[in-house]
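Peer 1: If you want the building blocks of each chain, they are given just below.
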Amino acid sequence: MAINWFKYSSPASFYSLAGKMIPFFSVAAAVLFVVGLYIGFFVAPTDFQQGEAYRIIFIHVPAAWLSMFLYVIMAMWSGIGLAFNTRLSSMVATAIAPTGAMFTFLALWTGALWGKPMWGTWWVWDARLTSELILLFLYIGFMSLQAAIDDPRRADKAGAMIALVGVVNVPIIYFSVKWWNTLHQGASVSLTQSPKMASTMLTGMLIMSLACWMYAIAVILIRTRAIILERERHTVWVGQLQEATQ
Amino acid sequence: MFLWIIQRDLLLAMRRRADVLTTLFFFIIVVSLFPLGVGPEMNMLRTMAPGVVWVAALLASMLSLGRMFSSDHADGTLEQMLLSPQSLSLLVLGKALAHWLVTGVPLVLMAPVLGIQYDLSTDALLVLTASLLLGTPVLSLIGAIGAALTLGLRGGGVLVSLLVLPLYIPVLIFGAGAVEASAAGLGAGAHMSLLGAFLLASLVLAPWTAAVSLRISME
Amino acid sequence: MSTLQGNKLTCVRGDRKLFSDVNFSLETGGLMQVQGRNGSGKTSLLRMLCGLATPAHGDIRWDGVEIRSLGGSYHGAMTYLGHLSGVKDDLTAIENLRISSALAGVEIDERKAHEALQHMGLGGRELLPAKVLSQGQRRRVTLARLLVCQTVLWILDEPLTALDTTAVKLIQDLMERHLEHGGMIVMTTHQEIEITAVATQRLQLA
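Protein chains in written order, with our numbering: chain U, 28 to 273; chain F, 29 to 247; chain R, 106 to 311.
The hints are simulated quantities; they were obtained by calculation from the structure and are not laboratory data.
It is possible that part of the hints are untrue.
Unchecked claim - Label pairs and their in silico Cβ distance ranges:
| no. | chain 1 | residue 1 | chain 2 | residue 2 | range |
| --- | --- | --- | --- | --- | --- |
| 1 | F | 180 | R | 296 | 21 to 31 Å |
| 2 | F | 67 | R | 236 | 43 to 53 Å |
| 3 | F | 67 | R | 188 | 48 to 58 Å |
| 4 | U | 205 | F | 61 | 29 to 39 Å |
| 5 | U | 136 | F | 228 | 49 to 59 Å |
| 6 | R | 212 | F | 67 | 40 to 50 Å |
| 7 | R | 229 | F | 47 | 23 to 33 Å |
| 8 | U | 261 | R | 189 | 58 to 68 Å |
| 9 | F | 118 | R | 282 | 45 to 55 Å |
| 10 | R | 120 | U | 112 | 18 to 28 Å |
| 11 | U | 233 | F | 247 | 52 to 62 Å |
To be verified - Partial chain F-side listing against chain U, Cβ under 7 Å, derived:
| no. | residue |
| --- | --- |
| 12 | 51 |
| 13 | 153 |
| 14 | 154 |
| 15 | 158 |
| 16 | 177 |
| 17 | 187 |
| 18 | 190 |
| 19 | 191 |
| 20 | 194 |
| 21 | 201 |
| 22 | 244 |
| 23 | 246 |
C-beta atoms are modelled at their ideal positions from N, C-alpha and C, and glycine is treated no differently.
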């Protein structure tokens, strides 16, 4: 039984540790969001080229950053789970996916909102936007594969495989899309020529990114806790937990 | 051993010729539908042709992925493959190659005929066929991973498209791009080398990945 | 001398624990019959023994080495016949036998496959596609592999289902001969079967 206890100890201890960390990250996220949005809306100067519409970058850019970072982190945890057979890492990977997909969607949506006043269309087949769209497909593939598998052990491993295959392919896809984009110059508007940024703009954006990070961590921890409870509902420690809270 | 697997899959395909023909006719119908949807304007069709043929090839190849492992899974042969003293990666490579011979090669052979429908020049037809010849094996190899992961799942057919189609994008871009580049007088050499590189990389990596995925799915 | 050992094997299916702390040791010439009611995990145990499934706890050792680390060399010493026949409808009996043997690493020529099928009472039906064969005849095609593959350990999941009395007798003889020649068998069966062996053990799953 010693082995049994050891195996279950890590999700159990993570569960309580995460419980203590969630309030901290939530508060940090809330405070940073307020500060970041204040800078974004009131402190940062109006852009002389883009007017007020540019202010959407305060959410667009952090969302795009996070969408990519989270995919890599998800693949990393998946890989660790697969290599060392640690169930907790796979659970974290599963918990990251919806948040990552949400940020990808947010980046696309705000990109479209930004595009309309800037280029007069909601959508351009720009290399970055297209890659972001494909990233959304990859997240959706990961989530639907895991959702289709009933056995959690197989779901973890199969999800890990597709995440790793995806992370290997992301640079290839990005490179291909970029090549494709330069080949079809006529149809594209480049996003890369960003206007020279006032330092307050940069500060605002960094604070917003930090806020998004805090938010992502808090949400992922909450989701991981839910997954732990679901997976471990028959273990002794979860039973005790319920008795204690009742 | 490796040859046994290819021989067996080809034999099975010969005994079930209808399945092979279904995939081929699917390809032909999809390609023929586009002019009906966008109008018979020849200049537009000529520029659209490589993309249309390539997308149709992706779909046709993907639709037949389900068959790669599922019948072996259903009758227990897949268990025996996993228990074979031979390397599973090699077996998967054999199955992917057989899949390509059965679904990919007919598409490659049919492509020039369909290209004529779109009034492609002889050069463009040649490049299109060559790009399909290099690209379709990659589709079978990457597809093997998707087929292995979705083995025995409900709604596996739709799911496999979600997993595999995003991974097909580079092949699509460079496959269709090769024809456009040669039409623009840039030469298709760079595209072809990249397609070749994809083929080599997937020959090395995909069978192993698919083998690991099969073991995960069979547990 | 070969040994197959299971130490403290536990099988978990979903939320249910099918069995736990199963121990056994099987040696050359030994027969182990796994018994238990439906759903007690007999098939799961056999799948673990051949390496298709991993036990939740415990390990399985072949000659003292974990089977996972042995990989192909263990599979070369073992034949597993499961619930599913592995017989392809569209292939003839002889093609089925030759291909399944090749998969198991033994390439046999037409003549040898012919003999094996004849021995299994399928003479004259070798060239029929498997879809016209009866359940029992398909089973015989599967079992013919035991004749051509010279493996030490046989893991057989309900080998006698759908077989008539003559075929049961045939298989019984085949197993006895295998055990006499130093083979080992792990099997499940619901039918009563008398096989003389050096050591017969029964493993009861709760």
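Peer 1: Run every hint past the structure and note whether it holds.
Peer 2: To see whether the hints hold, each was checked on the structure:
1. 180/F <-> 296/R: 21 to 31 Å: With Cβ atoms ~30 Å apart, the hint holds.
2. 67/F <-> 236/R: 43 to 53 Å: 48 Å, holds
3. 67/F <-> 188/R: 48 to 58 Å: Taking Cβ atoms as reference, residue 67/F and residue 188/R lie about 56 Å apart, which means the hint holds.
4. 205/U <-> 61/F: 29 to 39 Å: 31 Å, holds
5. 136/U <-> 228/F: 49 to 59 Å: 39 Å, violated
6. 212/R <-> 67/F: 40 to 50 Å: 58 Å, violated
7. 229/R <-> 47/F: 23 to 33 Å: 31 Å, holds
8. 261/U <-> 189/R: 58 to 68 Å: 31 Å, violated
9. 118/F <-> 282/R: 45 to 55 Å: 34 Å, violated
10. 120/R <-> 112/U: 18 to 28 Å: 19 Å, holds
11. 233/U <-> 247/F: 52 to 62 Å: 46 Å, violated
12. 51: 23 Å, violated
13. 153: 21 Å, violated
14. 154: Violated: closest Cβ of chain U sits about 20 Å from residue 154/F, beyond 7 Å.
15. 158: 19 Å, violated
16. 177: 5 Å, holds
17. 187: 6 Å, holds
18. 190: It holds, given that the least Cβ distance between residue 190/F and chain U is near 5 Å, below 7 Å.
19. 191: Holds, because the Cβ-Cβ distance from residue 191/F to chain U comes to roughly 5 Å (cut-off 7 Å).
20. 194: Status holds, d = 4 Å.
21. 201: 5 Å, holds
22. 244: 4 Å, holds
23. 246: This hint is violated: residue 246/F lies away from chain U, its Cβ roughly 9 Å from the closest one there, beyond 7 Å.
Figure legend: structure checked against the earlier numbered hints; hints not met, in rising order: 5, 6, 8, 9, 11, 12, 13, 14, 15, 23.
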